[in-house]
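Protein chains: 2
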Amino acid sequence: MSIELRKHFEKITPLTDQEFDYILSHFTTKKLKKHQYLIQEEDTVTNDYFVVKGLLKASHIDKEGKEYIMQFAMEDWWITDYQAYFSQTTATLHINCIEDSELLCLSLQNRDKICSELHKIEHFFRRKSNLGYVALQRRILSLLNSSAKERYEQLLLQYPSLFQRVPKTLIASYLGVSRETLSRLSS
Amino acid sequence: MSIELRKHFEKITPLTDQEFDYILSHFTTKKLKKHQYLIQEEDTVTNDYFVVKGLLKASHIDKEGKEYIMQFAMEDWWITDYQAYFSQTTATLHINCIEDSELLCLSLQNRDKICSELHKIEHFFRRKSNLGYVALQRRILSLLNSSAKERYEQLLLQYPSLFQRVPKTLIASYLGVSRETLSRLSS
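Residue numbers (the UniProt record's numbering), protein chains in the order written: chain B, 1 to 187; chain D, 1 to 187.
Hint data in this document are derived by calculation from the structure and do not stem from the laboratory.
Don't take every hint at face value.
You can't tell identical chains apart in this list, so a pair holds if it fits in one copy or across any two.
Straight-line distance between alpha carbons at most 20 Å, and here's what the computed EDC-like set of lysine to aspartate or glutamate pairs gives [said to hold, decoys possible]:
1) K66 / E150
2) K66 / D76
3) K128 / D112
4) K149 / E64
5) K30 / E117
6) K34 / E102
7) K63 / E153
8) K63 / E150
9) K149 / D62
Could you build the full structure based on these sequences and the hints that come with them?
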């Protein structure tokens with residue numbers, strides 16, 4: 001499972017074998033089956049998760065049981081309830097598996113430790129967070145000003161492989177449109 | 001203008017006088033009057049801006065001239081077109097002043113330089129970006145699942161001082177609701 005993580009870090013910063021082994025020693029592994037929960041509302045959120053294999057979603061369920069999807073994560077992406085993770089509070093999101101998944105888990109304590117010990121890892125996580133910030137700003141703009149059709153087309157263009165793997169009901173929930181609207185757009 | 005910046009950094013990391021003077025030497029200053037533009041669409045985005053005094057907004061204007069507000073920034077906040085800044089491309093947002101403003105400007109080159117030279121500054125910007133990421137996730141969830149009333153109340157709770165300073169038309173544009181809806185909510 002470690003080769004994927006090394007490639008992922010090395011997209012931003014080169015690492016020696018020794019450095020990578022040291023970093024890897026701060027991760028634990030986790031395997032989950034399709035439909036299993038990684039995090040449920042009110043859980044204490046200990047870890048951020050790097051997806052080695054599989055597909056997950058993080059969502060908020062309102063009082064009427066309606067689901068709003070905050071993010072998907074497939075291979076080479078990270079997922080957790082970031083608000084709860086960074087502030088070490090309990091989850092307001094549910095995270096579960098759309099496919100069988102293999103994960104590498106990094107606690108906040110270990111993340112802060114390797115960031116503090118290795119400047120290049122602090123650099124890696126700063127860059128990742130900057131990229132994530134920009135992606136979220138684009139999504140906000142798209143929620144504010146784009147039609148359902150435009151949002152659908154943007155997502156299809158950005159993440160074509162998601163469409164092969166994620167049921168349409170969930171895509172609709174991510175885009176904030178009804179299942180019926182999505183069916184009309186994608187037919 | 002520098003005391004505000006020092007306080008801002010020291011909320012996350014302590015600095016010696018020498019370190020702070022060195023950091024400050026990488027910033028330039030800018031003063032703008034109310035209504036003046038800081039960034040216009042298609043401009044090359046060179047800097048990120050720390051607000052020492054004043055109030056600005058970053059927005060997207062669509063083909064019909066309708067304005068969608070990405071963010072406000074007042075004292076102790078940062079503002080730029082982050083997509084353009086991090087990828088060193090041209091702006092898709094407009095940024096202008098709601099009040100006379102005093103700014104400290106940091107180029108991407110200088111930001112990367114001080115992050116690389118001072119590990120604690122890389123740490124500062126990682127932490128800031130993490131906090132920003134979580135705030136944007138909360139806004140996405142609020143756009144997906146909250147009513148106009150709830151969004152208005154959340155904003156009022158989070159940033160009460162914004163409401164004293166920002167015209168209601170702009171608050172409506174930030175929340176993605178009509179001016180009429182907002183008037184009804186806030187009356």
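How the hints compare with the structure:
1. Taking the shortest Cα distances, K66 and E150 sit within 20 Å of each other only across copies (17 Å), while inside one copy they are farther apart (23 Å).
2. In the homo-oligomer, the alpha carbons of K66 and D76 never lie at most 20 Å apart, since the shortest distance is 28 Å inside one protomer and 37 Å across protomers.
3. Proximity of K128 and D112 under a CA criterion of 20 Å is satisfied in both settings, with 15 Å inside one chain copy and 14 Å between copies.
4. Taking the shortest Cα distances, K149 and E64 sit within 20 Å of each other only across copies (18 Å), while inside one copy they are farther apart (26 Å).
5. In this assembly of identical chains, the alpha carbons of K30 and E117 never lie at most 20 Å apart, being 25 Å within a copy and 37 Å across copies at closest.
6. Only within a single protomer do K34 and E102 lie at most 20 Å apart by alpha-carbon distance; the minimum there is 11 Å, versus 53 Å between protomers.
7. Taking the shortest Cα distances, K63 and E153 sit within 20 Å of each other only across copies (18 Å), while inside one copy they are farther apart (30 Å).
8. Taking the shortest alpha-carbon separations for K63 and E150, only the inter-copy value of 14 Å comes in at or below 20 Å, while the best intra-copy value is 29 Å.
9. When the C-alpha separation of K149 and D62 is checked against a cutoff of 20 Å, the pair qualifies only between copies, where the shortest distance is 16 Å, while the shortest distance within a copy is 25 Å.
Hints 2, 5 from the earlier list are contradicted by this structure; the remaining hints agree with it.
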